[in-house]
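J.: Please build the complete structure, drawing on both the sequences and the hints.
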Amino acid sequence: MTDLFDNRATLPRRPKQLTDEPGFVDGIPVEELVRVTRELTARITNEDRQRLAMEATEAARSVQTAPPQLLQQFFKGKVDLDVELSRRFPGSPLVNSVTFQPPAGKRARLGIAQFLGQDGAAGLTFELNGGDLEASFLLSGMIAVRFSVNGVVESARTKFLELMRRANGICFLWSKEKWERDYFVFVVRERFARVYAFAPGRFDAAVRLTPDGLEQLVTWFDSFWGDTPSIEIKPDDHPSGVLSW
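In this text, residue positions in the sequence shown follow our numbering: the first is 1, and each later residue adds one.
The set of hints was computed from the structure by calculation and includes no laboratory data.
There may be inaccurate statements among the hints.
Below are the DSSO-like pairs computed for lysine-lysine, each with C-alpha atoms no more than 30 angstroms apart in a straight line [what the hints assert, rightly or not]: (1) 106 with 159; (2) 106 with 176; (3) 159 with 178; (4) 78 with 178; (5) 76 with 159.
T.: Following this line, the structure appears as structure tokens:
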């Protein structure tokens, strides 16, 4: 997906005499950079909205209920989903410490990625098994709520990885039942990510990821869902003969 650095033609030429003056970044006025960035983000968001609305339309024959009100408004272009979700979760915790089992680049029957906040009270755990994904959001170090998306087909996995590699964008991860079952919304802005999970009629959750955490997560997902060759871990490769964590 096109990002800011692919749109240099839209930026004004660098005035050499102003390169080092306040209010400029590499000779470009800060106001102009902000304007171009906002335009780019709006365009990408609109492209995401159109793509997701098309997915919802294509799924209409297989689902029995209408999308939630917020999604309906988003599909119609009446609300900014990023803004609306951030309003609903204004204090979502930042989880910046992460461990992967197995590490990225190695594949096993099961994969677990665990993110924790600085005080260990908040956390996010992904458990991956083929096309089935479960995520647990930890609250106050004692309560966790679990969300499941099962049967993610190969084409959807590939598209998910492609969309998650963008510097800005909105990406849904859901099953063929769409909003009738649990689903995830990933909002990426300048490589920072907010991860939202929805269990219709039950509960919702949200956390924030750092750029490094997001990059590591996507690389780890790619070990299972991407085309990148990976090393398969077998029970015999483990000293005890049993792969566990």
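J.: So, for every hint listed, does it hold in this structure?
T.: Verification of the supplied hints:
1. 106 with 159: holds (21 angstroms)
2. 106 with 176: Distance of about 28 angstroms is within 30 angstroms: holds.
3. 159 with 178: Within the cut-off at roughly 15 angstroms; holds.
4. 78 with 178: holds (21 angstroms)
5. 76 with 159: Answer holds: residue 76 to residue 159 is near 23 angstroms, not above 30 angstroms.
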